[in-house]
Amino acid sequence: MSPTPSADRLRKRLDALNEIIAVDADRLPSELCERAKTTAGNAAARLGHGTTHTVVALAGATGSGKSSLFNAITGHTLAATGVTRPTTSAARAAVFGPDAGPLLEWLQVPTSDRLEDPALDGLVLLDLPDHDSTESSHRAEVERLVQVVDVLCWVVDPQKYADAALHEGFLERFSGHGAVTLVLLNQADRLHADDVHRCLTHLGELLAGDGLQGVRTMAVSAVTGSGIPDVRRELQARVAERRALVSRLDADLDWLSGDLGVSVGESDPAAVAPLARDRLVRAAATVAGVDTVADAVAGTYRHRASLAVGWPVTRWASRLRAEPLRRLGLGRGSRGGAPGQTPGGSDDGLTMTVPRSSLPAPSTISVGALASAGRDLIEDTSSQLPVHWERRVRDTVEPAMRALPDRLDRGIGSQQMPLQRPRWWAVLGTVQRLLALAMVAGLVWLGALFVLKWFQIPDPPMLRLGQVPLPTVLAIGGAVLGLLIAVVGRRLAVVGAGRRRERARTELSKAIAATVDAEVIAPLDAELRAMRVAQERIRAFSR
Amino acid sequence: MNGPGGSTVAPMGTGGETATIDRLVTDVRAMRLQLGALRFPFDAAGAASARHDAAVIVQQLDDHVLPRLENFDAPALVVVGGSTGSGKSLLVSSIVGAVVSASGVIRPTTRSPVLVHHHDDEHWFGEQRILPGLARVRDHRVHDNGSADDPRRELRLVAYDTLPAGIALLDAPDIDSVDTVNRELAAQLLAAADVWVFVTTAARYADAVPWGFLESARERGAPLVLVLNRIPPGAETEVTADLIRLLERHGLAGTPVFTIVEQTLRGDELLGEPVEQLRDWLQELGADNDRRVETIRRAMRGVFADVARRCKSIATAADAQQVLGDGLQRVAEEHYAAALEAVRSEVADGTLIRGEVLARWEEFVGTGELLRQLRTGVGRLRSRLSGALTGRPVTQEHLNVAVENVLERLLVSQADTAAADTLGDWRAMPVGSAIDDRAPDALGRASVDLAERTAASLRDWQSGLISIVRDKGAGRRTTARVMSLGVNGVSAVLMMLVFSHTGGLTGGEVAIAGGASAVGHALLEALLGDENMRRLATGARQDLMERVAQLYDDERRRFEAVLEGAGVSADGGDTLRRLAEPLSAGTL
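In order, the protein sequences belong to chains L and A. First residue of the first sequence? That's 1 in this note's numbering, and the numbers climb one at a time after it. First residue of the second sequence? That's 544 in this note's numbering, and the numbers climb one at a time after it.
Hints are computed from structural coordinates only; laboratory data are not their basis. Ideal placement from N, C-alpha and C gives every residue a C-beta, glycine not left out. Treat the hints with care, as some may be off.
[As the list claims (entries may be wrong)] Pair by pair, the computed Cβ-Cβ distance ranges are: (1) L:Glu168 - A:Ala1113: 35 to 43 angstroms; (2) A:Asp992 - L:Arg173: 46 to 54 angstroms; (3) L:Glu31 - A:Ser592: 22 to 30 angstroms; (4) A:Ser592 - L:Asp121: 51 to 59 angstroms; (5) L:Ile21 - A:Ser1112: 40 to 48 angstroms; (6) L:Ala270 - A:Ala1104: 51 to 59 angstroms.
[Unchecked claim] Just so you have them, the derived chain A footprint on chain L, three or more residues with Cβ under 8 angstroms: (7) 77–90; (8) 125–138; (9) 371–378.
The shape of chain A in the complex, shown without the other chains (with noise of 0.2 angstroms):
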């Protein structure tokens, strides 16, 4: 069939249109994944309608494109949907001529859909193809209602043949009642539809929550027929024009409207006459099988464009929240990063060297006596040492603890201070509360085992130097002096340089530090020579380094892992826009 300027596609597969399909359906497969996993935990603008609207497709691609991909010869689905009381349960009945759902004063009187079709047509209905989410029965009686305390429901399914096959009608429940379950079956079931028949009444037509769902309608392009239901005797073509003048305001000017008075009916009365030009509306849609399909692809068009229109918008606001994830990550990083490097910037000034650690050291070596052995010759100093290094293990113990509480203390602290920092610039950004409902409790401070990690891993950089000490020294003429001092005297010695040695103390520092600087720059320079103790220096920093960096980077995964369970994708947007694109350019 060709359409005016439209799609060339015909409506019976041929084969060059199955591949078309089956790339598309593939295609539609990939962006419904991408919209699944699209999060939008950040209360930025767009965030809240991009939440909702990406459900919204996912369903309506479940429900209804998906399956109608795979099938356009389907029967149409014609869903009569509409408020509370105003009679699209009575309205089906009369079309189908036969009371397929109950009518009553109670509202919301219809809770669980009813789907009625032609013989032919069961077995369309009868597989989970289309709202696969919706449990089958099929049951000729007409129920009371499930309880309103009960969020499941069914599809009820019923065939009368006095409606034609290729259409099926279904009864949905109400829009706008205090059910909620009612209301989001509801939605979901007019976004599955082929053809909305739209039911209001003359109380109800300027009602806002109606004018959403067409509003909707008009947005999709779906086929809409409007039934004004309910009108006082008299006042038909008063409220009629009203009614015109209100599609027209809202867009759908040309929109089949069908009036239907109010009536007083008795028991299981049906409408009679009011309905006759609704139903042959119908009857003729299900009779001419090139005109419900085109009418099919058309709404399929429309719902294309539409999806495509919006996952625009939800790229858009996937982009938004990737850039308050990223800022908030680099947030973390920023203050991570400061702390690493005022712990390298405390390493390297020798600042690290007072106190406790220079009591040991000098406990260790004794310093004034240890200059003085360094004047008078490397020999003497030998001798002098491998008493003083090899000989007091306890005094060297004493000294690997007190740098490693200092390390210790300064790591803890700084880790303590970036995560609070971070914490607090996370809640001073505007998205940041939707952190805080995220974070755990101590979020705000250094981990709790920072302190045994960090003396873990302390204790292990001093025990790589030792073996640093053995490697370097090894087969080198310098070996035999080494072993001679002692490996764990020298890498205490090692130790003791990472901190001070910097190729340039200044001022004040150099009244700290020097002390202990000096001798062991001028040991280990007579040990090992100058450019080997340079390289073993900077190794050994290196290493120290890398292991706060290390664990640091565990601090701020803290951070991270919040993010991460606030579930922003990296190049969300992009994709979904990426795989949007094949709708949008109407191969249908």
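Excised from the complex, chain L in its bound form (with noise of 0.2 angstroms):
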């Protein structure tokens, strides 16, 4: 038989479904997609098995006459019946025409007879145990088979034809089924022929209300074989047009399908909103003690400063005072010699080199806004979606957040700090030291002059600057000068630390941001993208 095109498409929506359960089987609620996955496989597996063969299965309740029927319609006495109840406890087949070993098999159906009979060939007509009686493992036996069986053919009687165990327990479930399912009223013999037809109104009324409109009822007797050359009619037709298995894949399908376009919701998942994202780098910010070590930063400026321009006389005092940095664990390693003279002259910038700060745990308060933040976000990307979306957002989410005030303590320890020493510091660093210079010069010019006066030696003579002695001005001069110079420097240097303490704030937010986009935001975008193509995907499948 050579490919239909509804056999075609038929494939193409299997691969469909194949790339859904491949791709998307996170993103399903777990027993839709558990459906999907045995829904695929008997899908495949029957294929497998090519057209050939039609299996139409005779189900229904017990004492309707299924294997009375199945004789009747064979021609043959096949399967036993009884007047006690249950009498079928396991299917059989009466395959029609060529071998139909492997599919039998792969049907479970060990019990099988050959006939031939050219006008049903291809048939494979099963007769099922009953799915009403207080066996269970018949119902079990028929709930299997009715999920893979090409044609199902439910067989009643004018006793049981509205029983809740047919329609709601089986019926109702293949609403979408209708085309290939017949519905046989067994047993027409036992009523008046104008019961027979309102019976058969009646059933009809039924299946209309299951969803199963139009669906092909038949009234025949196994008894007296009325009707039997008309299912017979009935069953040669869906044989002959071999399109019955593909009917009812595509009915399966279409079942899944439905079931899938719902499990994705009416809303898309929209991208992260910027606002939310602002309000957790603020949050986070606060939390990575931002304005801490902004403070800092200022704070070892100025005293580097001091240390480069300061009065040599007084700069010892302040080499006695760590730099704040690096009590907050944000220094080097090193403890020798002064921060800023350290040999190699690489200290531009401070670099991390100990994985954690020790910068003082963040506030109970901070802490808090930050949760409430992610949870703000949470919110606000999941309320629209359906509930099992929704807990993967909020299992996205958690976790990063719970990670987040370690990661963004890493993130601030390996941030290069805006603190590369300006020029101004050498030269007036310079200038100091040759003020320095000076004033000791003319200190010790003035103490030789002390000496020798004491000793009586008669003055060299004196240089002189306008009316000031040379010395007296190098000495005075120079500490005057240093002084001022140290002024100016501190004043500078305010300024400067100012500055940077700007400067690190903004790149310390810009890698708070960072942080934040890489650890929650990202993943969480990249889940929210991920669903927003399965939900293109499902959605394709379900048109």
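Dock chain to chain to rebuild the complex, using the hints, since each chain is given by itself in its own frame.
Set out below in structure tokens:
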């Protein structure tokens, strides 16, 4: 049999379903995912057995006459019939035409008979056990087989045609399978002719109530044989068409795709809104202690400036204090040598060498605010999503939020602080050294003069700058100018420190934002994007 | 009548018995109320069946037990029930000897139950005594069926004297058709029966649904008669033997079985000879008053034993529900207690006075200067401070707002965490999903108006501090001093002390809070004396924590409301066990 357009279409749909199962399994409700896998597996297996055979199952309640009808249709007494209930406890098959061994093996129907009947060539007729007796194993067998046969032929009788076990247990569930469903009202011989008609009409109404409008119903009698030729003709037509298999699988996929479509919800998962992200970044900056670090950067800058351009006479006092950044564990590990004068001259900025800072623990308030921002984020992004996706968003964000404070700390630790040594430090530092030198030279000179005077040795000729002796100029001028430059240097340092505080704040905030993006926003956006793609895929499948 | 080894109560009420029965009625009513009040919202083992059983028992008590306890001499209600298409209506009509209920080929045939009784028993069935929930119509015409879409069903009463007095036959709807109302109504009617006549057919007798009903008849020891209808001619022996085998397997050996072979009937023709035996059986039951009353009593004892037994498992299920509900409640309590504790430790260890509050405090008093003043003596300090405190109301307002802001943020964020943690834990619990449907939208967050309520409560607290200072200071030596500084200023200092006065700050906290603490401590000690100051600070902190606890209680109550909405009552199981006690004691 060459593949028909509808078979091609079915294969395409199956491929689409398999892709959904492969890629989006985690994004489906687990029960639905299982169903999708079963459906796809059954469909592939059934297609693998080809369209040579059409499997028709006679299913129904105990005592409706499935086995009698089976015998009547095949024209042979194959299945045992009886008056005690239930009679049939295992499915059996009648195979017309070519061998159906592998197919029956797959259907797990071990008992079968090969029959020759050119009219029904290709038919595999199954006699199923009942679905409503106290033997629950029978029902399980029926449940299994109605999932996989090509045509469902329900046998009912005047007593049982309105049973809830049939309508609510099976027919309502298979309401999408009308094209491959037949309903036979057996034991029609027990009714008056006009009652048969009334009964069939009512049966049609009940079927319509189950969602099976326009399903073929026929009154038959296995005892008198009335209606049996019609049933055979109907089966013959279905077998000849060889479309039942595809229709059945199509109906399976329709049923599944409806539920898949519902499961992805109405609204599209939108990307994280900038507002929600910014709120999270701000809260993260507070927790990370951006202000504290920025202040420490400013303090460190002032500290180093005072070491570089302070008055050399009092500079040693500064050296006794630790740098603020170092106190936060953000300095270098080395202890020896003045900062800023480290050999190698590579101390342009500070690079973190230990993984953790010793920033003071963030306040309970800021930690709480960060958690709240995380919950806001979950709410903003998932409130419109189906429940299982909402849970997925939670499962994506919550662990990331728990890990975030630690990541933020590392992020701060590895951040370059804007502490490059400005050129004016070197200039002013040199000037300071020269002034100090001058002051010392003046003092030594004056001291020498004092000693000479004390020993009554006459003064050597005095060098003067204007009226003032040169040593005095050197000593006092060096001291005054040195102090002046120290004061100017401090002023400049305060301005520079302020500027660096702002720069540190900006850069740290950027680093925090990058961490938040990498740890929380990016995974969430990726998940939301994957949801959108899954939604597209599933909607395309459902159309 | 003295039953062999059974109850010794006479059928006609003596004074003593009336009292016993009256007490029993009271007991049963109390138990019925308790059963009706029990809820099983959590999907735990046994919840679904307990829910169902409780509803069924309540119905059974209303429909049958309570009316019957009031009158044992009233006619026995024989309910003819069974599958659709088994010929119940034809059977009832045949026993009565007239078409009282329509039979036909359209399934289900009977939708409204028909009750046939003797003229003399009219008063008993006419009133809403038994089956009080069903409206009565008196109509001899055999109706077409009501619509399947109409869920309201009436009990049609028909009086026929072919039926003996003391017996009423009820043609019940089917137990297994697509008509849900029929199935529910049939179950209700069978539960209200004194005697079951259960009809099945040769095609039906192995169906699962009828055996479910027969099982429940066995459990309550209902007098049971089985009718096997529509047997194919010739198969009578074989099918009957198979049915009896099934009866034995289900513990119903010895049940009387009446068999009827499939007949071809014309028009309104009724069954004749096949129902003779059954009719005789009923005649006998109706004619012998003593036997009937004893049958009814025995049935009632069976019902009581069954109800008592089922109440035990319902009580167990109720216990389980309570345990689950308590577990959920405990989770909420733990998280809010943790939140309260977090607030308490934040308040106590002084970390709140960082940043904004500290800045405002420094603005308020000027720490450095104040410290210097303290060393030079209280007298000069007072003059300094009175200027600082009374003359700068704006900065004091700033301080108050800063404290309020920082506390509000702390409280709201902790409440938010507690709510999220509670809901998260609830969801993770096996029964949490039952809660999810009931939970209002924003349950997992702090209430929207919590910030507002917190702010209001904190402002109350701050103004409360003022009156504390005023009251404690009144009538003492300190009054003048306090007054000279201004009550507001002192209360502001006291407020700061609440956040820092721990009697033992350690390490970094001293550095942070020390300044404020030391200033406040020294200042108030100077003004009020050490002991007085301690008392005031402790009192103020207690007041604050009580307010926080109150706010968190309100927050937690949202979760408790969800649990209450689910309706698990405390001690529901124990109460039911106690109330069911008289039934199992077998006082009847």
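> Does the hinted range 22 to 30 angstroms hold for glutamate 31 of chain L and serine 592 of chain A at CB?
Replying inline: 23 angstroms, holds
> At a Cβ distance under 8 angstroms, does chain A reach at least three residues of the segment 371–378 of chain L?
Replying inline: n = 3 at 8 angstroms, threshold three: holds.
> In this structure, is the beta-carbon distance linking serine 592 of chain A and aspartate 121 of chain L contained in 51 to 59 angstroms?
Replying inline: Distance hint for serine 592 of chain A, aspartate 121 of chain L holds at roughly 53 angstroms.
>> When I compare C-beta atoms, does the segment 125–138 of chain L have three or more residues closer than 8 angstroms to chain A?
In response: holds (count 5)
> How does the coverage statement for the segment 77–90 of chain L fare against chain A, requiring three or more residues with Cβ below 8 angstroms from a Cβ of that chain?
Replying inline: This one holds; 4 residues, not fewer than the three required, reach chain A with a Cβ under 8 angstroms.
> Between aspartate 992 of chain A and arginine 173 of chain L, is the Cβ distance one that fits in 46 to 54 angstroms?
Replying inline: The hinted range 46 to 54 angstroms holds for aspartate 992 of chain A and arginine 173 of chain L, with Cβ atoms some 48 angstroms apart.
> Would you say the C-beta atoms of isoleucine 21 of chain L and serine 1112 of chain A sit inside 40 to 48 angstroms of each other?
Replying inline: About 47 angstroms separates the Cβ atoms of isoleucine 21 of chain L and serine 1112 of chain A, which means 40 to 48 angstroms holds.
> Taking the CB of alanine 270 of chain L and the CB of alanine 1104 of chain A, does the distance hold inside 51 to 59 angstroms?
Replying inline: Violated, at about 33 angstroms.
>> Given a hint of 35 to 43 angstroms, does the C-beta separation of glutamate 168 of chain L and alanine 1113 of chain A actually sit inside it?
In response: 39 angstroms Cβ-Cβ, so the 35 to 43 angstroms window holds.
Against the hints set out earlier in the document, a violation occurs for number 6 only.
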